[in-house]
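Chains as they are written, first to last, in my numbering: chain C, 1 to 389; chain U, 1 to 261.
Here are the simulated DSSO-like pairs of lysine-lysine, each with C-alpha atoms no more than 27 Å apart in a straight line:
id	chain 1	residue 1	chain 2	residue 2
1	C	K235	C	K341
2	U	K95	U	K21
3	U	K168	C	K300
4	C	K299	U	K160
5	C	K223	C	K263
6	C	K299	U	K21
7	U	K11	U	K54
8	C	K360	C	K263
9	C	K299	U	K168
10	C	K360	C	K92
11	C	K360	C	K223
12	U	K258	U	K54
13	C	K211	C	K341
14	C	K23	C	K35
15	C	K300	U	K160
16	C	K363	C	K263
17	C	K23	U	K168
Hints are computed from structural coordinates only; laboratory data are not their basis.
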Amino acid sequence: MSGTVRFDFMHFMPYVHLPENHKDFHSTWVDFPNKFYDPQKGHALYQRYLAELLLAETVGFDGIVVNEHHNTAYSMMAAPNLIAAAIIPQTKTAKICVWGTPPNLEYPNRLAEEYAMLDVMSQGRLEVAFPLGTGMEYWANPINPATARARYRESIDIILQAWTQDGPTTYYGDFYTYRYLNPWPRPYQKPHPPCYIVGTGSPETVELAAKLGFGYSAVFVSKTRALELNQQLRKSSAEHGHPVRPEQLPLQVITYVAETKEKAEAEAVEHVRFFFEDALRTTPNFLAPPGYLSVAELKKRAALADKLHGGFSFDNVNESFFLAIGTADQVVEQLEEWAAKMDTNHFNILGAIGNMPHWKVVKNLTLIGQDVIPRIRANAAVERRVAAE
Amino acid sequence: MPAQAFPPQFKRETHTVNGLKTTVLVAGRGDPLVFFHGAGLWHGINFALPWTEKFRVIIPIHPGFDDADDDPAMNHVHDYVMHYLDLFDALGLDKVRLVGFSLGGWLAANFAVQQTQRVERLVLVGPAGLRGKEQPKGDLFLLPPEEIPSLLVSDFDVIKPYLPDNPKDLDFMGARYREVGTLARLWWERPYDTKLPRYLHRLTMPTMLVWGEEDRLLPMQNAELWRHAIPKVEFKTFKRAGHLVLDENREAVDAVQKFLS
Chain C
1 MSGTVRFDFM
11 HFMPYVHLPE
21 NHKDFHSTWV
31 DFPNKFYDPQ
41 KGHALYQRYL
51 AELLLAETVG
61 FDGIVVNEHH
71 NTAYSMMAAP
81 NLIAAAIIPQ
91 TKTAKICVWG
101 TPPNLEYPNR
111 LAEEYAMLDV
121 MSQGRLEVAF
131 PLGTGMEYWA
141 NPINPATARA
151 RYRESIDIIL
161 QAWTQDGPTT
171 YYGDFYTYRY
181 LNPWPRPYQK
191 PHPPCYIVGT
201 GSPETVELAA
211 KLGFGYSAVF
221 VSKTRALELN
231 QQLRKSSAEH
241 GHPVRPEQLP
251 LQVITYVAET
261 KEKAEAEAVE
271 HVRFFFEDAL
281 RTTPNFLAPP
291 GYLSVAELKK
301 RAALADKLHG
311 GFSFDNVNES
321 FFLAIGTADQ
331 VVEQLEEWAA
341 KMDTNHFNIL
351 GAIGNMPHWK
361 VVKNLTLIGQ
371 DVIPRIRANA
381 AVERRVAAE
Chain U
1 MPAQAFPPQF
11 KRETHTVNGL
21 KTTVLVAGRG
31 DPLVFFHGAG
41 LWHGINFALP
51 WTEKFRVIIP
61 IHPGFDDADD
71 DPAMNHVHDY
81 VMHYLDLFDA
91 LGLDKVRLVG
101 FSLGGWLAAN
111 FAVQQTQRVE
121 RLVLVGPAGL
131 RGKEQPKGDL
141 FLLPPEEIPS
151 LLVSDFDVIK
161 PYLPDNPKDL
171 DFMGARYREV
181 GTLARLWWER
191 PYDTKLPRYL
201 HRLTMPTMLV
211 WGEEDRLLPM
221 QNAELWRHAI
231 PKVEFKTFKR
241 AGHLVLDENR
251 EAVDAVQKFL
261 S
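In isolation and in its complexed conformation, chain C is listed as follows (with noise of 0.2 Å):
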């Protein structure tokens, strides 16, 4: 593994009071009612995320990951911001990552100043990154998603213009006129904080990383997709003059270890199983706006379906995405064999899955940064020394 190794936490902040009769609805997402939002509950979990989000940093993590979804009870984070500025004033050296809301549902100027804030609060930890949101966040927002990719690309380069000229600048587009853009603050990181484009894997969104020189991060792709992302962005990236740096690519990986790798399957798997077959459920419109998906991607999607929104099965799962559960040895390996292959050295870790109780969350991430964060530094160190021989 070339250069230093990173690891973040991420979590998701479900809400896991589902009422019994959840199955009974079509969907967890967009419409599934909001009445059975316990706000008593809501704030019991709102400590406790916080507190495990804290735990990472103390464990031995470098970054904790925040992002943002609407109407569902797979994420209580509709504003990942208030998530970030709670925890800045809480954390000393972690990476603030906010990945990230996404840039057409907001004001561009209101995310670069409000960015700019969390950078400056932080003194400079702040990454963000730029989906273009699931299909359920536009039935959700008032924002089209016909749209929607011509919209997000212009808001980029709104909060790009924003945060590398001096201001007051000038931007007349197709969505948005700005007479005087000239947010304060301004990002305490120069030129500013380090970008991603997080996505499922759309040509358009990969060249747009390779572009503007972004890292690109694929999740709810099969580990194959990943790859073949990873291999496409570091070609075009070149091309555009822009060489990727390992750390640019993160690598998302369901994660959980345990003293046996029975123990550790018997104490995930409900909560795998939880994640994708009740935290995403979802319908095929819901996943599928109008205008959202290009013809051909809607008919490859469609041909695909029910393999990730609903329909569980843990083998498949398992087969098809990142997930590394099993002893700290097994996962300090499965890590690095898949490292090595996405050449990358910047780890992702679903460490707090689906409904999983706080103190599984606890282990996790006890083990994890006891057992496999230090080992796989050491390796990785080891590795170093002997390419600089």
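Place chain U on chain C using the hints.
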């Protein structure tokens, strides 16, 4: 949708309109009758055959529908009005009888308020586009695609032959997804037109409003919005017919023909 869904009497012409390849289906002889279709043509145009006995029936396929080219920059009703001004000029259509159904009714009304001299007679069949007092009706986006066809008719057998045997037919799904994406560019922000009511007083040409009494997509009370806004309008409703009133009830087709003659 396969082109063979259209009856062989209709000739397929291709015109390039402002750079956009546009398909026009033409049949019959006589004065021109232009039909603006709704948000899909998969249910065919057999209903229009009787009109070809008296008129030259011209059915342009809207950009982004069926096999017509698409232009992502067309995202406002004004773009469609301009597109049809170009096409009518290209076809030499100085005076027309204009019939618009559903989405096409909205387009036809928008065209006619601006082209009062050109549109001699106007028929709006279950037109979409006005906002009711209750929640906006006819918001196609609220309906899962697989539920739409059965909502369009009172008798499912009428459209069954046009639907694929396999409800998950990928080509059919893809074609409908393309069309609903075209529609989203016009209607996602607001599935109705806030400006049109302001101008409907300009429909001074003889105008008829047609509705299926069992319309479940745009229920009949929507007709009242149009009747109040258009100065003088002949209103006809038909039993045993849903939203696709022309496909379901021959009497509606004949009534349109009689009104236009």
